[in-house]
Structures are given as C-alpha cells and as structure tokens.
Amino acid sequence: MENDSKSNYLSGILRPERRERRHLIDILQDIQAAEGYLSRAAMLEVSKFLDMPGSTVWGVATFYNQFRFTPPGRKPVKVCLGTACHLAGGQLVLEATARELAIEIGGTTEDREFSLERVACIGCCALAPVLTIGEEVHPRMTPPAVEEAFVNIKAAAPGAPGTESQP
Amino acid sequence: MSFEQLFRQAVSRWESLYKGRNVHILVGTATCGRAAGAMAVLEAFRREIEGLGAAAAISEVGCMGLCSHEPLVTIIKPDEFAICYHNVTPQMVPRLVQGYVIGDDPCLDLALGTVTGGGHEPAVIPELERFNNEKRLLLRNSGYSSPLEIDHYLACNGYKALAKALTMEPGALIKEVERSGLRGRGGAGFPTSAKWRSCHSAKSNIKYVVCNADEGDPGAFMDRILLESDPHAVIEGMAVAGYAVGAKKGFVYIREEYPLAISRLQTALMQAEDKGLLGKNILRSDFNFDIEIVKGAGAFVSGEETAMMAAMEGKRSWPEHRPPYPATTGLWGKPTLVNNVKTLAYIPLIVNNGAEWFKGIGTKGSPGTALFALAGKLTNTGLAEVPMGTTLRTLVYDIGGGTRGNRQFKGVQIGGPSGGCLPEALLDTPVEFDSLTEAGAIMGSGGIIVMDEDNCMVDTAKFFIDFSQQESCGKCTPCRIGTFQMLDILQDITRGMGTLTGLNMLEEIAGDIKAGSLCGLGKMAPNPVLTTLRYYKEEYKAHIMEKRCPARVCKDLTAYYILPEKCERGCDHCVLACPAEAVFSDENGLKVVDQSKCTKCGSCELVCPVEYNAVIRLSPVSLVPENRRTRPETPSKEP
Ligand SMILES: Cc1cc2nc3c(=O)[nH]c(=O)nc-3n(C[C@H](O)[C@H](O)[C@H](O)COP(=O)(O)O)c2cc1C
Ligand code: FES
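Taken in order, these protein sequences are the chains called A and B. In terms of this note's numbering, the first sequence opens at residue 24 and continues consecutively. In terms of this note's numbering, the second sequence opens at residue 6 and continues consecutively.
Worth flagging that the hints you see were computed from the coordinates, not collected in a lab. Accuracy of the hints is not assured; some may be wrong.
[Stated by the list, open to error] In silico SDA-like links for lysine to any residue, alpha-carbon gap of 20 Å or less:
#1 A:Lys98 to A:Lys177
#2 B:Lys605 to A:Asp49
#3 B:Lys560 to A:Arg122
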C-alpha cells in the first residue's frame, strides 16, 4: 500500500514535460516536499527518468542545503542562526534545543517526532532569536523559553511517542 | 483590450475601494506580519465584519517596512483620517471595528499614526519622524495597495511604462536608462545600461532575462518584501528589459525559502497574462514575453550570476570565470541579462518619469534610492528606503531609533558576509556605492545589522567567516581552504588560544583569498574580518593578550558569577533553571556557580529575578573569586 502511493506520487512528479536536465532541481524539490527527504530509491528513479547517472543526481542533490537524505521528524525544529538571530543569542537557543531534544544538529529523535536543523534567516529578524517547531514560529527565544516550549508541546500530546522526559 | 481601457477599468475599481463610500481595512500580511500574527488578525476582522454585517471591505497588503510594529492594520474611512494601528492582536479587533469602522472613536491608544498619500504617491505616516528622512520609490505601493490585485497596480500607473516602452526604439530605451545613471542593486553597482547594451548587441535569436531574487545574505529581506508587496513592479521591469535587449523569455530565480513571495509572484504572473501584459503580442504589439519561476535550493553562491545559471541548468551551482559575461554568453550559452529585483523595479519609474527625474535623487555617482533591511540591536527594525548619500547615522538613529534600551552603539555591519563592519567614527559616511567601498564595507545586498556593547566583534567576524566557509562551493582553492584556515584562527582567538602571529596570518590569508578566488564569494569573504581588524583591533588584542572578551560573549573567556551581596538566598530560580546542575548553595544558602560544570548557557542570568539581578558575566574568567569557583569536596549544604 505504501509502495503504491509512493509510485503514484512519483509519476505525478516525473511528468513527461519535465524530462529535461533543467528540471532536475525542481523535481528533487517536489520529491522532498512529498516525502520529506530524498530517498535513494527516489533518486534512482529520477536518474532513470532523466537518463543520467545516479551519481550526477546525487552530486547535484548533495550540493544544495535544502536537500536532506534521512527522514525528518514529524515536527521539524529549525533554529535560526541568521545574522540578527546570532547576535541576539541564537547559538544559546540552538544549544538549548539540542539539549532539550537530546539530539545533534541534523539528527532526529528516536521516535521520529522531532528533527533539528539550523537555518539562516527565516525573515523574522525583528523577532530574533526565533525557532520554528513544525509550522509554528516561536519569537524572542531564550534557553528557559525553549525548555518551556517543549514542555508545553509534550504536555499537549500526552501519551504520544516522544513524551517521555529526557534522562 | 487597449492599455487605456485596462487603466480606466482598474482606476474605477481602485477608486471604489480606496475612495468609495465604505470603510476599507488594510491588513499587512507579508512574512514579517504573519510571524507576528497577522493571519489571526485578518481572520478576526473578517469574522467581526461579517458578524455585524458591517459595510466594509478588507484587503491584504504587503509590508510598510515597520517590522517591529507588526501586525499593522490601516483603516481607511471616507471623509475621515486613515489610521494605522500597530501590534494589533485578534483581541483588539472587536474594539477597532466597533470603535472606528462603525463608530466615531478612532481608538487612538492603539494607533501608530495617520496615513497620508497612497495611490499615486507613497503612503506615509507623518507622525513618525523616520518618514522625513525616507524617499520611497521601490516601496511606493508596499503596505498600501494589494499585491494580490493587478488592478491596484494598474490604477497606480502600473504597466504604463511597458505601454510606453513598446512605442520606443530599444536603443532609445537603453539610452534613457544610461542617462539615468542607474547602477545594479545586486551588490556590485554595475551600470545597468552597459549590461543592457551588450546583451542587446549580442547576436542571437534566443536571449533571456533573469531576475536575481536569491537574496542569500542571512540578514537581508528587501527583495522578499518587494516581491511580497509589489510583485507587478518587478514583472513590469522585466518585460521592459526583455523588450530592450530582445529577449522573449524571462526567469525569476528565487529562493525556495520564500514561499509567500513565490506564491504572490505566481498570482501576479497569472493576472498579467490574463490582461495581455505578458504572453504573445503584448498590448497588441509584436512583442512576446513570458516569465517562469525557478526555485533555488539554498546555496549562497547561487546568487552569483554564473553559479545561478548553472543551478538553472540543473547542475551544481558552481561559478565560472568571467568573461565571457552572461550578457553575451549566459544560460545555455545564450545572451542573458541578469539583474537584481530592485534594479528591475526601478525601471518602470525611470521610463515613466524620465532619466532627469531619477538623477535628481541621490548622489552624482549613485543616483536613486537605497533600500535597506535594518536589523540587530535597533529600536525600529524593518525596511528603510532613503536617497543615496544619506548618512549611516541618519539610518541608525533617525530611522532606526538608535540602539534598543539605549545600549552603547558599537558598530554596523553592511552588506552581510561580503560586507564590512563600521564603527561609530564612520557613522557620517554617506551610503552610496563608492564611499562604502572606500570604508572597507560594500553596499552589497542592503542588509544593515546594528551591534551594541553586548556584541563581540571577533565573534561576529567568526560568524561571517563560518558562513562563507560553509557556503564556499569548493571549486577554487583559496576560498575553500583559505576561509577554513581563517575560521580556525578566529576560533582559537575566541577560545583564548590566539597569538599575535595569528593576527598577522589572518591578514595575510585574507589578502590571498581576495586575490586568488574565482568569484565574489571568496573575493569578499574576508571583508568582515579585515574591517573588524581595522576598526576593532583592540578587541582582538584583548582576547589574545588578556584572555578577555570585552563584550563577554566568547564562552571560553567568560564566566557566570553570582554576586553574594545581591543573591536572595531563599530563591532557587537559578538552581532549578541550570541544565548542568552547576549552581549550588554555599554554607550560607548563597548560590554559587561551579565553573567546572557550567556550560555557559546563560539560563541563570535570565531567570534571576530583576529585583536581585545577582548573576553577572565576568571576563577574563580569573575575575571569579577563587573561593567561589567550584563546589567544595564535601558540600556544606545540599540545595
Ligand atoms: C556570492 C555572491 C552572492 C550574490 N548574491 C546575490 C543575490 O542574492 N542577489 C543579487 O541580486 N545579486 C547577487 N550577487 C550579484 C550577482 O552576481 C549579480 O552581479 C547581480 O545579480 C547583477 O544584478 P544587478 O546588475 O542588477 O546588480 C551575488 C554575487 C556573489 C559573488
Ligand atoms: S536572522 Fe533569524 S530571522 Fe532573520
């Protein structure tokens, strides 16, 4: 069933009018939007579709910051380390978040609930430092505020995986 | 439809909204507004208006550039003042609707000021002093007319320049741009007409126009706001450029991280096609032009024009040697005109008002305005558009409102990772291409970040080098290896392991990187280090010789210390907040930070109640009294 939906979404993306090299990045973006990351299998499909070596697809994909190659958490956590956020203490916020989730940058919690990324400027410099959890923007963060934000999220979803407190 | 007809139709629609008999509510829903909660405010207005059956129209508009006041709402009322309200929350909406939309109470306690102008002139808030110093050309429609309605743009003289251009010879058009003295706003300030001319003269039946909307500087957001607030101005500029150089196809290369700008641009493109302002036989002429959006995938180097074209061709975004320049050999080898978003958005104004008018604004060498994104430790963050030649002081103090909380001003970083850091003494430098380059900074993208006494200049330089090092594409060695070495030295300095020889080496490597790098990324990456070395050398030396970080930012050189005379022993805030269990109570119940455990997260300082204010930072760390550094072997008393 999962496989079915997978090939379905791929055929929606690998449309004949896109069979040109210039659409490669566009195609990869669509795959990541659908699947959350670029799986090896999907990239091989793309290489067949565009008739280019898998290594070329991989080479292009790994060049760009946008692409990830492991599944993200259900709620991706992004800490902004753009200039404004850095100057307002973004690094401390990032460290506090990593500590709170007990994962490293680029990592995903074991239950796949959260993943952690650092990003550059999400356009809310006036509210620096900011982090986003899923779609939600959390403005003017501090280490204690990070802790509180996750306590609230975990409390809002009792029993859900990822609610055990960190040791 | 002829242009005249399109225009008349648009004007009548626009006037019925903005000058009609009903109240018109404008809600700013650009990205900054949304982050501050504008969508909930918009929803609240819709509900309230509908619930009361009030006769009022609501429009989503872009950003006025007053980001720290978001969400912003303007209520335009026939025969009354148009009033702009700031920091609006959904809870305030019923009051605003009852008060001003329906009743006669202008709710002045919630207001930022009145709005005058709008339409053919830029909308301003005369009560705010900053507007005296601003000159809004690019921002003329931002935050007032709706980016979602092509009629709003048309009614404010939109697409008039395209209609006019189509009656002109391309050569005459290029001449007009040349006489205006317009210089590219993508950073380098290259004369726009020279590019246009060489692309125009290039022999090829296929040519392209590319709008560079990559905006990779991690503290700049002017291009995004422009595209979210007034996308048609950019589209019109592109179409005129296409006509001038002989291109039929345009691309907008825009960062994927700008979803709202992308969707507003998409909407605008569809509307322009519907009205026959893009596509085949534009305005019944024989000029064909269409525009496609290409989304970038997050690489700073992709903003460099040759690297951008590689990305558009579906390759790794690697820059190429120039010449040949894109204007003769660009996308797929065809002549390609690459211009920045702002450069293109000036074009309709220049065509409509003439070169002389444009030259009358700004300075001789840099005509026109400069659009800046103000961020950092400023009271008023957001966008500011000023005539070229305005001083940095005016930007920081008269428009930015000075440093937040009246902290001591320390420096201003202009041009992001490629730019430089300028001190107080240079605040009277006029902003224009040449004087900034002279001072060691660059006009660059237009990001201005203000730093105060709590920011460490070495740390800031390290931040930018770290950015450039990560974003270095790796194609050329000086940039790939050199930035890494610079980062290494800076890291040592911030850790108290720097040497004076290291400082010299830093300068030496910087020179080599500038001389030897393939593209602007490497050539300009050392600028933040070179300018901080030039203007803040003492701060580097304090790190190296005294192991002291004057701003108390660098962790290895800073210690958290709890002043015993201020500590209220009964309060356990710091003990509970410390994630490292480093805070303990001494035999008198006073709190002490165990330096061997402290991770310098700053939580204790943040939670210490303001009435005690007992937690301070000390640098060098040797300032912490010896008997209050670690927990004694046998704890006298458990917290
Ligand atoms: C590393 C690097 C990043 C750049 N990023 C941008 C950018 O984000 N936006 C932009 O318009 N130009 C950027 N440029 C400049 C472009 O290469 C190009 O000069 C510009 O788009 C030309 O437009 P203009 O003539 O209108 O200034 C960048 C250059 C370099 C070297
Ligand atoms: S730097 Fe973080 S939002 Fe801009």
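Verification of the hints:
no. : hint                 : in the structure
1   : A:Lys98 to A:Lys177  : holds (12 Å)
2   : B:Lys605 to A:Asp49  : violated (43 Å)
3   : B:Lys560 to A:Arg122 : holds (17 Å)
Checked against the numbered hints above, the structure breaks only hint 2 and satisfies the rest.
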